[in-house]
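Undergrad: Chains as they are written, first to last, in my numbering: chain W, 85 to 596; chain L, 10 to 370; chain F, 619 to 933.
The set of hints was computed from the structure by calculation and includes no laboratory data.
There may be inaccurate statements among the hints.
Said to hold, decoys possible - In silico DMTMM-like links for lysine to aspartate or glutamate, alpha-carbon gap of 25 Å or less:
hint	chain 1	residue 1	chain 2	residue 2
1	W	420	L	96
2	W	141	W	213
3	L	86	W	123
4	W	569	W	123
5	W	179	W	213
6	F	776	W	498
7	W	538	W	573
8	F	776	W	492
9	W	200	F	677
10	W	200	F	669
11	W	279	W	374
12	W	460	W	343
13	W	298	F	668
14	L	99	W	363
15	W	418	L	91
16	W	569	W	492
17	W	130	W	492
18	W	460	L	90
19	W	179	F	669
20	W	155	W	213
21	W	141	W	196
22	W	569	W	343
23	W	298	F	706
24	F	837	L	91
25	W	298	W	504
26	W	569	W	547
27	W	342	L	106
28	W	179	F	791
29	W	460	L	96
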Amino acid sequence: MTVSQGSAPDFLDPGLGYTTQAANADWISYTGLLTYAHEAGTAGSKLIPGVATDLGKISPNGRVYVFTLRKGLVYSNGEPVHARDFAHTIERSIKLNWGGKSFFTGNIEGAEAFDKGQAHTISGITTNELTGQIVIKLLSPFGAFPNVLAFPSAALLPSNTPMTNLSNNPPPGVGPYMITNVVPNQSYSVVRNPKWSQDNIPGIPAGHVDIAVKINPNTQSEAERVLNNTADIFDWADTIPPSLLPQIESHASDRFAKESTVSNFFFFLNTQTKPFNSELARQAVVTGLDQRALSRLNSGFLAPGCFFLPPGMPGHPRGACPYGDPNAAPNIAKAKELVQRSGMAGTPVTVWSETRAPKREYATYYTNLLNQIGFKATQKVIADAQYFATIGNLSTNAQTGYANWSQDFPNPSDFYLLLDANSIQPQNNGNFSQVKDPHIQNELAVLNAVPTTKLASVVSRWEALDEYVARKAYVAVFGYGQQPKFFSDRIDFGAAVFHPVYGNDWTTIQLK
Amino acid sequence: MSVASGLPAAPAGREGATPGLGEVILGPGAVTPGLGPYRLAWRRLRGNRVALAFGLLFLAIALVSVLAPLYAHQIAKTGPDENHITETIKVGGRTLEVVSPGGIPIGPTWRSRFFLGADQNGRDIAVRLLYGGRNSLFIGAVATTITMVLAILVGLLSGYSRGPVDGVLSRAMDVLWAYPAVLLGVALGVVFALGGIDLGLFHLQGSSLLVPAVIVGVVYVPYVAKALRGQVLGLREREFVDAARAQGLGHVRIMLGEILPNLASTIVVLVPLMLANSILREASLSVRGAGVQPPSPSWGTMIAEGIRFIPAAIHTTLVPGIMLMLAVLGINVFGDGLRDALDPRARVRVGRSPVSAEIET
Amino acid sequence: MARFVARRLFSMVLVLFTISILTFLIFQAIPNGDPALRLAGRTATAPQIEDVRRQWGFDKPIYVQYARTMEKIIDGEVISYSQQQNVEQEVWRDLPVTISLALGAGILFLIFGVLFGVLSAITAGRTTDRALTVLAMFGISMPAFFLAAVMSYYLGYKWGIFPIGGYVKLTDDPWGWFTHLIMPWVSLAILQVGVYSRLLRSNILDTLGEDYVRTARAKGLSERRVLSRHVLRNSLIPVVSLWGLDLAALFGGGALLIEIVFDLHGVGQYAAESIGRLDVPPILVITMLTAFFVVLMSAITDILYAALDPRIRFS
Numbered sequence: 085m086t087v088s089q090g091s092a093p094d095f096l097d098p099g100l101g102y103t104t105q106a107a108n109a110d111w112i113s114y115t116g117l118l119t120y121a122h123e124a125g126t127a128g129s130k131l132i133p134g135v136a137t138d139l140g141k142i143s144p145n146g147r148v149y150v151f152t153l154r155k156g157l158v159y160s161n162g163e164p165v166h167a168r169d170f171a172h173t174i175e176r177s178i179k180l181n182w183g184g185k186s187f188f189t190g191n192i193e194g195a196e197a198f199d200k201g202q203a204h205t206i207s208g209i210t211t212n213e214l215t216g217q218i219v220i221k222l223l224s225p226f227g228a229f230p231n232v233l234a235f236p237s238a239a240l241l242p243s244n245t246p247m248t249n250l251s252n253n254p255p256p257g258v259g260p261y262m263i264t265n266v267v268p269n270q271s272y273s274v275v276r277n278p279k280w281s282q283d284n285i286p287g288i289p290a291g292h293v294d295i296a297v298k299i300n301p302n303t304q305s306e307a308e309r310v311l312n313n314t315a316d317i318f319d320w321a322d323t324i325p326p327s328l329l330p331q332i333e334s335h336a337s338d339r340f341a342k343e344s345t346v347s348n349f350f351f352f353l354n355t356q357t358k359p360f361n362s363e364l365a366r367q368a369v370v371t372g373l374d375q376r377a378l379s380r381l382n383s384g385f386l387a388p389g390c391f392f393l394p395p396g397m398p399g400h401p402r403g404a405c406p407y408g409d410p411n412a413a414p415n416i417a418k419a420k421e422l423v424q425r426s427g428m429a430g431t432p433v434t435v436w437s438e439t440r441a442p443k444r445e446y447a448t449y450y451t452n453l454l455n456q457i458g459f460k461a462t463q464k465v466i467a468d469a470q471y472f473a474t475i476g477n478l479s480t481n482a483q484t485g486y487a488n489w490s491q492d493f494p495n496p497s498d499f500y501l502l503l504d505a506n507s508i509q510p511q512n513n514g515n516f517s518q519v520k521d522p523h524i525q526n527e528l529a530v531l532n533a534v535p536t537t538k539l540a541s542v543v544s545r546w547e548a549l550d551e552y553v554a555r556k557a558y559v560a561v562f563g564y565g566q567q568p569k570f571f572s573d574r575i576d577f578g579a580a581v582f583h584p585v586y587g588n589d590w591t592t593i594q595l596k
Numbered sequence: 010m011s012v013a014s015g016l017p018a019a020p021a022g023r024e025g026a027t028p029g030l031g032e033v034i035l036g037p038g039a040v041t042p043g044l045g046p047y048r049l050a051w052r053r054l055r056g057n058r059v060a061l062a063f064g065l066l067f068l069a070i071a072l073v074s075v076l077a078p079l080y081a082h083q084i085a086k087t088g089p090d091e092n093h094i095t096e097t098i099k100v101g102g103r104t105l106e107v108v109s110p111g112g113i114p115i116g117p118t119w120r121s122r123f124f125l126g127a128d129q130n131g132r133d134i135a136v137r138l139l140y141g142g143r144n145s146l147f148i149g150a151v152a153t154t155i156t157m158v159l160a161i162l163v164g165l166l167s168g169y170s171r172g173p174v175d176g177v178l179s180r181a182m183d184v185l186w187a188y189p190a191v192l193l194g195v196a197l198g199v200v201f202a203l204g205g206i207d208l209g210l211f212h213l214q215g216s217s218l219l220v221p222a223v224i225v226g227v228v229y230v231p232y233v234a235k236a237l238r239g240q241v242l243g244l245r246e247r248e249f250v251d252a253a254r255a256q257g258l259g260h261v262r263i264m265l266g267e268i269l270p271n272l273a274s275t276i277v278v279l280v281p282l283m284l285a286n287s288i289l290r291e292a293s294l295s296v297r298g299a300g301v302q303p304p305s306p307s308w309g310t311m312i313a314e315g316i317r318f319i320p321a322a323i324h325t326t327l328v329p330g331i332m333l334m335l336a337v338l339g340i341n342v343f344g345d346g347l348r349d350a351l352d353p354r355a356r357v358r359v360g361r362s363p364v365s366a367e368i369e370t
Numbered sequence: 619m620a621r622f623v624a625r626r627l628f629s630m631v632l633v634l635f636t637i638s639i640l641t642f643l644i645f646q647a648i649p650n651g652d653p654a655l656r657l658a659g660r661t662a663t664a665p666q667i668e669d670v671r672r673q674w675g676f677d678k679p680i681y682v683q684y685a686r687t688m689e690k691i692i693d694g695e696v697i698s699y700s701q702q703q704n705v706e707q708e709v710w711r712d713l714p715v716t717i718s719l720a721l722g723a724g725i726l727f728l729i730f731g732v733l734f735g736v737l738s739a740i741t742a743g744r745t746t747d748r749a750l751t752v753l754a755m756f757g758i759s760m761p762a763f764f765l766a767a768v769m770s771y772y773l774g775y776k777w778g779i780f781p782i783g784g785y786v787k788l789t790d791d792p793w794g795w796f797t798h799l800i801m802p803w804v805s806l807a808i809l810q811v812g813v814y815s816r817l818l819r820s821n822i823l824d825t826l827g828e829d830y831v832r833t834a835r836a837k838g839l840s841e842r843r844v845l846s847r848h849v850l851r852n853s854l855i856p857v858v859s860l861w862g863l864d865l866a867a868l869f870g871g872g873a874l875l876i877e878i879v880f881d882l883h884g885v886g887q888y889a890a891e892s893i894g895r896l897d898v899p900p901i902l903v904i905t906m907l908t909a910f911f912v913v914l915m916s917a918i919t920d921i922l923y924a925a926l927d928p929r930i931r932f933s
């Protein structure tokens, strides 16, 4: 089986990997205390026990997690798994500066001190080799912590794994697959782990085929190869070039599908500066946006919607959109009137965007719209690598522009990081709209503490909060991401799972 | 010193040691007494209908670009930046979508609206083509001027003086060329996109059209300078230069008066090449934020944006590509004619009668 | 000759040194280009960014950073920011691809550039010349990546004549190497064929007007002999100097876009990806590599000048 991938994984080392390409290989080669069910749709968002025997016991105050390691587990090199390996893994990810390490340092007791070199171990993690018990103490309750434990970066590695980047020769792990033959930026293999039969964790399929991944930055030829069956799997995170789409839809409709991902696209609206400090001006933007147009710019791979939380994420509101049906033509006259009423007509606006298609095209459309409804908009396109650093720099004072978010894990708090007043910082600011709303803060204080495993009890409260955000028009959401599931003729299309967190689940790939 | 083949030393070459342009040695049978050299050249040029036609072609392209607003308002009835993504248009009784739900823009309708089709944002390509012509031709002209002027200076100084001056200049050119042109352009583009260039008296806004023009202009100096230096190295050993030196002419006069005219044909050839090149290179800067700022059009950016629609909407690249080709072709053929008119000996063809005679009849 | 080589070697070191400093400075000047921001990730907090800065030494004065990076480059230990891969290992691995691409394209554009140039000159003003002019203008007006994309689609995918992208090692499968590279070679060569043929045409026409050519003809030398011995030899000089430059730039990864279109995984592709990530170490190494080739090729072309035109002395 050949997988064609448009961009190389950032790091195949699970302690460092953060991109979807890395996660694709890592989550089936490295298993943490918890992991996700290998199912499509919302069923796949469900946490299941990984190397732990169960989902763990959480203390009533939400600060202590207790897990027990399964007995008799071995790594892909045949060595036994120890409880202490968990502590080593977390320490390693912190020392290697994993991109999401704040999930550890910000939550686990003593992790910050360890990071700063003030301690040799993390005081909040204690393990017992005899009982296999692992106890984790948190600084304060953090509801999404079970999801954090499911990150490949928290997946157990042997305690003797060196604290260096091992992407070219990934360490042994617990999982149905293992990563071998790495040629950086060119290719790697994900083959079945011969020791997996000894572990055989329930809910994790053994896998049917070995996978050879080739990095092909040209998505056009990537798609062509899958279309003519010289490659088997089109990387779900890549975009099918619009010019090939008609052919794929006509000639390969039985092995192509648009899959929804839990991600949103939006234009941020800076609430701290003119003109979008005016709620009416923000409403005007949301009223005027034509989502049908924006969807066409992404070759139709955009599901319409106006709420910040995407479908598939608990808390996505079921109600109607407050400022018009996103499937229909927008009310431009109303939008113009709102701009007039806001008193912001003629205000100069700079629209920021990245370079890569179709982001620049989104901004082009958006700039045209802002001018149409009464602002004086100009477009500013900057290099992808400096984009988030630029709009996330408070001194740029970016008024509006393109932004997006894809779930790290299925808990709404992951998205609300972008609307949390506490995440506003001078550099690397993620709250691009600079929303400082007491109501949001009060709600988050409660909701963020509810463990993911008990999310069902607060879903309606998340829905109410998300509806509130849509009414306030803090961001102009213009749709939710869709990605291609596109295989060669050889693969059993129906049996292959498109996972809500990790996309194509390679353990479910099988020949017809 | 003798010529490669051991032929007897030729008399002073070209405009050579004979001072004053009025006494240009003309090609066989072309001597027309009583006329100045430029009037003579003009006469010859006038006779070269092909060259004139192509020159006019270029002028016509420039002219319609200037008149872009007229076309936009009177015929297409849309501006260059106006998006019509979700609109429909009637073509021959059928209602077509300007951009399909799959994102493919409509091809040429050959009607007043979307005459040459639309782009991915549902903008009228014909309108953008004309507006883009203004930006592209401006950038092309400025960049080419910068390249040619600097390259001529460097090539002359370097090839003529040789020794340490050549060493320093040539290595400086090596440094500049060592950056793959795309890389240097992009790196500078990224730097200037946000900040602009500030060199004391000389300040450029990041969004100014001069930014890409200056970057592209400078980046290609080594390319042209090297070619010219090679020629100068050969020319400076020629007899007419020795003769000029013997006459006591200064170095500057020799360089400008004796050597430069002999570079004319190379320069005339390189100008259209550099023009095309700089118009295309601007696109790679635009996508990094240092070229023509979107949504403003330029031929280069139109081509670059259209690449991902090959083959389903190939008109998005072909239309600006062909326009660019016509413009460059116009300048090129006209330039050839101009050079032939100024220096008719170049027309002497292998074993035949002069071509000039053929064309003039 | 020994002095010539010694001087060129010295200046090569100087050029590499200058290049490295310039590159370092340019990337330092990029607004919001601080690599620590990218390395720390989109959700990093201010103290974490500070940590990354300290760990990578971005908090040190620029000359210290520069000296450290150069030291690592000389020791072959420099790693990229974005993927923490050994840069030089990657470059050495990719270099054969780029050299295959550059050499093939270089030979192609030299042969066809000269062929079309000569043909155009001896038919000056006639239909063949006009047709070749239009062709040359087409070549220079159509960006290489456009031709590459069109060829890749029709010849590669649609009609299946050539493989769709990828690279096969010469040592593994010479025929596969050849078929995989044909489209990249052609799309890369077309621009230069246009440039060289136009340049050569004009130089030949110039030289034909020279007195010594007329003298040679008057002496009764055959047209062929006049053309090959006297005209072509002199006309080739500027073309040769450009060929050296073009080749050097291609060796050093100048064919970024073509390598991407055909998924060749050469130095150019590595350069393009590194530019996209504003990853300074690979960019630094690759520009220095290019500079090495540029200086080398310019020394070679200087020797070639002397061979083509004995009046030019070594300087």
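Undergrad: All hints are to be evaluated individually against the structure, with a verdict given for each.
TA: Hints and how they fare:
1. With a CA separation close to 19 Å, the supplied pair residue 420 (chain W) and residue 96 (chain L) stays within the 25 Å bound.
2. Between residue 141 (chain W) and residue 213 (chain W), the direct Cα distance comes to roughly 18 Å. Compliance with the 25 Å bound is thereby established for this hinted pair.
3. For the hint linking residue 86 (chain L) to residue 123 (chain W), the alpha-carbon distance of about 53 Å lies beyond 25 Å, and the restraint is violated.
4. Simply put, residue 569 (chain W) and residue 123 (chain W) have alpha-carbon atoms about 15 Å apart, close enough for the 25 Å limit, and the pair holds.
5. Under the criterion of a C-alpha separation no larger than 25 Å, the hint pairing residue 179 (chain W) with residue 213 (chain W) is consistent with the structure, at around 24 Å.
6. Only pairs whose Cα atoms come within 25 Å are accepted, and residue 776 (chain F) paired with residue 498 (chain W) is rejected, the gap being roughly 44 Å.
7. Distance restraint check for residue 538 (chain W) and residue 573 (chain W): the Cα-Cα separation of roughly 42 Å exceeds the 25 Å cut-off, and the hinted pair is therefore not satisfied.
8. At most 25 Å may separate the alpha-carbon atoms for a hinted pair to count; residue 776 (chain F) and residue 492 (chain W) exceed this at roughly 39 Å.
9. For a cut-off of 25 Å, the pair hint linking residue 200 (chain W) to residue 677 (chain F) stands: about 17 Å separates their Cα positions.
10. Pair hint residue 200 (chain W) plus residue 669 (chain F) holds up; C-alpha atoms about 9 Å apart against a cutoff of 25 Å.
11. For the given pair, residue 279 (chain W) sits about 53 Å from residue 374 (chain W) by alpha-carbon distance, which is inconsistent with the 25 Å threshold.
12. Straight-line distance between C-alpha atoms of residue 460 (chain W) and residue 343 (chain W) comes to about 37 Å, which puts the hinted pair past the 25 Å bound.
13. About 36 Å separates the Cα atoms of residue 298 (chain W) and residue 668 (chain F), which puts this hinted pair outside 25 Å; it is violated.
14. Pair hint residue 99 (chain L) plus residue 363 (chain W) does not hold up; C-alpha atoms about 39 Å apart against a cutoff of 25 Å.
15. With a CA separation close to 20 Å, the supplied pair residue 418 (chain W) and residue 91 (chain L) stays within the 25 Å bound.
16. Of the pairs offered as hints, the one joining residue 569 (chain W) and residue 492 (chain W) holds, with about 20 Å between alpha carbons and a cut-off of 25 Å not exceeded.
17. Distance restraint check for residue 130 (chain W) and residue 492 (chain W): the Cα-Cα separation of roughly 14 Å lies within the 25 Å cut-off, and the hinted pair is therefore satisfied.
18. With a C-alpha separation of about 13 Å, the suggested pairing of residue 460 (chain W) with residue 90 (chain L) holds against the 25 Å cut-off.
19. For the hint linking residue 179 (chain W) to residue 669 (chain F), the alpha-carbon distance of about 11 Å falls within 25 Å, and the restraint holds.
20. A hinted pair counts as satisfied when its Cα atoms are at most 25 Å apart, and residue 155 (chain W) with residue 213 (chain W) qualifies at roughly 11 Å.
21. Note on residue 141 (chain W) and residue 196 (chain W): the hinted pairing holds, with a Cα-Cα distance of about 24 Å set against a maximum of 25 Å.
22. As the CA atoms of residue 569 (chain W) and residue 343 (chain W) are separated by approximately 6 Å, the hinted pair is consistent with the 25 Å bound.
23. Of the supplied pair hints, the one linking residue 298 (chain W) and residue 706 (chain F) holds, its CA atoms being roughly 22 Å apart against a limit of 25 Å.
24. Restraint check for residue 837 (chain F) and residue 91 (chain L): not satisfied, since their Cα atoms lie roughly 69 Å apart, outside the 25 Å limit.
25. Among the hinted pairs, residue 298 (chain W) with residue 504 (chain W) is inconsistent with the structure: their alpha-carbon atoms are about 39 Å apart, more than 25 Å.
26. For a cut-off of 25 Å, the pair hint linking residue 569 (chain W) to residue 547 (chain W) is broken: about 29 Å separates their Cα positions.
27. For the hint linking residue 342 (chain W) to residue 106 (chain L), the alpha-carbon distance of about 22 Å falls within 25 Å, and the restraint holds.
28. A distance of roughly 44 Å separates the Cα atoms of residue 179 (chain W) and residue 791 (chain F); the hinted pair therefore is violated under the 25 Å criterion.
29. Taking the CA atoms of residue 460 (chain W) and residue 96 (chain L), the gap is about 23 Å. The hint holds against a cut of 25 Å.
Of the numbered hints listed earlier, those contradicted by the structure are 3, 6, 7, 8, 11, 12, 13, 14, 24, 25, 26 and 28.
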